[in-house]
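For this one, chain A is given, so just place chain B on it according to the hints.
2 protein chains.
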Amino acid sequence: MRILILGAAGMVGRKLTERLVKDGRLGREAITRLDLHDVVEPERPDAPFAVETMTSDFSMPGEAEKLVAGRPDVIFHLAAIVSGEAEADFDKGYRINLDGTRYLFDAVRVVGGGYKPRLVFTSSIAVFGAPFPDAIGDEFFLTPLTSYGAQKAIGELLLADYTRRGFFDGVGIRLPTICVRPGKPNKAASGFFSGIIREPLNGQEAILPVSTDVRHAHASPRSAVNFLIHAASMDTSKIGPRRSLTMPSVSVTVGEQIDALRRVAGDEAVARIRHDPDPAIIRIVEGWPRHFDARRAESLGFRAESSFDEIISIYIEDELGGVKPR
Amino acid sequence: MRILILGAAGMVGRKLTERLVKDGRLGREAITRLDLHDVVEPERPDAPFAVETMTSDFSMPGEAEKLVAGRPDVIFHLAAIVSGEAEADFDKGYRINLDGTRYLFDAVRVVGGGYKPRLVFTSSIAVFGAPFPDAIGDEFFLTPLTSYGAQKAIGELLLADYTRRGFFDGVGIRLPTICVRPGKPNKAASGFFSGIIREPLNGQEAILPVSTDVRHAHASPRSAVNFLIHAASMDTSKIGPRRSLTMPSVSVTVGEQIDALRRVAGDEAVARIRHDPDPAIIRIVEGWPRHFDARRAESLGFRAESSFDEIISIYIEDELGGVKPR
Numbered sequence: 001m002r003i004l005i006l007g008a009a010g011m012v013g014r015k016l017t018e019r020l021v022k023d024g025r026l027g028r029e030a031i032t033r034l035d036l037h038d039v040v041e042p043e044r045p046d047a048p049f050a051v052e053t054m055t056s057d058f059s060m061p062g063e064a065e066k067l068v069a070g071r072p073d074v075i076f077h078l079a080a081i082v083s084g085e086a087e088a089d090f091d092k093g094y095r096i097n098l099d100g101t102r103y104l105f106d107a108v109r110v111v112g113g114g115y116k117p118r119l120v121f122t123s124s125i126a127v128f129g130a131p132f133p134d135a136i137g138d139e140f141f142l143t144p145l146t147s148y149g150a151q152k153a154i155g156e157l158l159l160a161d162y163t164r165r166g167f168f169d170g171v172g173i174r175l176p177t178i179c180v181r182p183g184k185p186n187k188a189a190s191g192f193f194s195g196i197i198r199e200p201l202n203g204q205e206a207i208l209p210v211s212t213d214v215r216h217a218h219a220s221p222r223s224a225v226n227f228l229i230h231a232a233s234m235d236t237s238k239i240g241p242r243r244s245l246t247m248p249s250v251s252v253t254v255g256e257q258i259d260a261l262r263r264v265a266g267d268e269a270v271a272r273i274r275h276d277p278d279p280a281i282i283r284i285v286e287g288w289p290r291h292f293d294a295r296r297a298e299s300l301g302f303r304a305e306s307s308f309d310e311i312i313s314i315y316i317e318d319e320l321g322g323v324k325p326r
Numbered sequence: 001m002r003i004l005i006l007g008a009a010g011m012v013g014r015k016l017t018e019r020l021v022k023d024g025r026l027g028r029e030a031i032t033r034l035d036l037h038d039v040v041e042p043e044r045p046d047a048p049f050a051v052e053t054m055t056s057d058f059s060m061p062g063e064a065e066k067l068v069a070g071r072p073d074v075i076f077h078l079a080a081i082v083s084g085e086a087e088a089d090f091d092k093g094y095r096i097n098l099d100g101t102r103y104l105f106d107a108v109r110v111v112g113g114g115y116k117p118r119l120v121f122t123s124s125i126a127v128f129g130a131p132f133p134d135a136i137g138d139e140f141f142l143t144p145l146t147s148y149g150a151q152k153a154i155g156e157l158l159l160a161d162y163t164r165r166g167f168f169d170g171v172g173i174r175l176p177t178i179c180v181r182p183g184k185p186n187k188a189a190s191g192f193f194s195g196i197i198r199e200p201l202n203g204q205e206a207i208l209p210v211s212t213d214v215r216h217a218h219a220s221p222r223s224a225v226n227f228l229i230h231a232a233s234m235d236t237s238k239i240g241p242r243r244s245l246t247m248p249s250v251s252v253t254v255g256e257q258i259d260a261l262r263r264v265a266g267d268e269a270v271a272r273i274r275h276d277p278d279p280a281i282i283r284i285v286e287g288w289p290r291h292f293d294a295r296r297a298e299s300l301g302f303r304a305e306s307s308f309d310e311i312i313s314i315y316i317e318d319e320l321g322g323v324k325p326r
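Residue numbers (the UniProt record's numbering), protein chains in the order written: chain A, 1 to 326; chain B, 1 to 326.
Derived from the structure by calculation, the hints contain no laboratory data. There's no promise every hint is true.
No distinction is drawn between identical chains; accordingly, a pair holds when it is met within one copy or between any pair of copies.
With a straight-line cut-off of 27 Å between C-alpha atoms, the simulated DSS-like cross-links for lysine-lysine are [unchecked claim]:
#: 1; residue 1: 92; residue 2: 116
#: 2; residue 1: 66; residue 2: 92
#: 3; residue 1: 66; residue 2: 184
#: 4; residue 1: 66; residue 2: 187
#: 5; residue 1: 66; residue 2: 116
#: 6; residue 1: 15; residue 2: 116
#: 7; residue 1: 238; residue 2: 187
Next up, chain A with everything else stripped away, as it sits in the complex (with noise of 0.2 Å):
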């Protein structure tokens, strides 16, 4: 089996290469060949298949074509411009997220010759826009409130199109916030969420900018990997021609978060944490949806976290070595 990943320089795709090389396997087929593609070079793993990592920009016309002239048995498409830049820079959003996407379909498109690859895209909750109800249900209508929602919100409909026409067999998995992100701070709106675990747990403060009682849907990054690999494994005649699914949560407030890594590491860790509101991303964060009815998905398979205890401890074996720093 050939497997191409696209945006797998970015941190869902390392985890997701490491998970490939550590299986050596993708459900039950042994893996062949792994394909790694970014803007920037993608780290080249030792494994035990053939790697090739390949740098370029997808929304060039004819760079799609090149991913996919070894007719990739799977192809992740995990590429993208993020929220905050793809509103900041509405060219480059609608360039890489849109026309990068039509060009890597059509480039599936025109192979010919039956070649009809599983093709797995990453949406994201930000295809959905306020006002929400209580739990966002599958059938819940799509109205993103940025540039990045809409650009994501399109690429579901043309997966759902060029599926439904037989050109590939598509796959669309909206992910909810990762958490806990490794690594540093970043200036993302939504990168408190881990930074308030993440910073206590490595003996450093974190800085709270919303109220305790803000409620957000959080999956690590073990999830995302796993439903990655399911969604490129499982059996799809059962989907329907709905081809996007929201991901399974795990649906806690910032006090229940706090009260978990309290739970895991103790009043010293929470002690690390300073509250200091902040206007503009509380701002943000009341647009955001906050939990979601994910009962299609988790009928098709799809399993996250059930605490976000189990959150944490996740983060703990993955990155700290299990070990927790006091």
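Showing chain B alone in chain A's frame:
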């Protein structure tokens, strides 16, 4: 006020042109110039203001810029490849319905200098796909089951995002089936909804390919023009970020259509309908939406007919000079 119509040679475009010429104004403002565009030469009406006709393929790079160079205050974007052709010719459907729409929106965006026209986009109930609830509300999600529907749904997402970003003031209107369509029978699967009224009123036989309990949603061509005019002149501050609206319609069964024909034109007209079931059309029609809850559009002042009798009467008034043929 300067007005541009794309798709001016189509049935709705011609009726909109007639109405603007007759009124001489749109809302409270006098029309000073009307630009009529289509891929075939639109008819040039005698009008009390300047009229220009333009013929080009607006999906060719650079063409849309020419159309908006005169900075029209209102743009009616009615141009589209229809459902059947968009399904038969994948590339052409995406080129006109998606690329063409985006070129137009981008052409408006780059004019600059504070230019921010009202842009009315005709979407379609084809953005919805089965299975449906009994009445499809404004919050029902978009899962089109045709490429045409996917392209219209993408147009709605672009309209909302470009409006949110302040590039224009967009209103999308989802038209129900327009009935009674004037002219000759066509081969559209929906053609019989008009044919079983129009042909009997013109002394001709009509074929009914489905059972009389099939339910569908209709509005007259006159209502379609009213929707467009209202969308172009309404106060958009009340719409909010969800810029596309399902238009009001009359939901009736085919049997109720026939009962209305009997009331308006007698048994003799009804006797001209011949029931000849067509399994292909029956199957297509089963996937179509039947009934809408259009309360949001109604609360914003959009009005359709209140009965199918009224729809027939409008056909007789507008197309047959008010004379019921016997």
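Results of checking the hints against the structure:
1. 92 - 116: The answer is between: 22 Å across copies meets 27 Å, while 29 Å in one copy does not.
2. 66 - 92: Answer is both: 21 Å inside a copy and 24 Å across each meet the 27 Å cutoff.
3. 66 - 184: neither (34 Å within a copy, 49 Å between copies)
4. 66 - 187: The answer is neither: 34 Å in one copy and 42 Å across copies each exceed 27 Å.
5. 66 - 116: Within one copy only: 16 Å inside a chain, 40 Å across chains, cut-off 27 Å.
6. 15 - 116: within (26 Å within a copy, 45 Å between copies)
7. 238 - 187: Cα proximity of residue 238 and residue 187: none, with 40 Å in one copy and 34 Å across.
Hints 3, 4, 7 from the list above are not met by this structure, while the remaining hints are.
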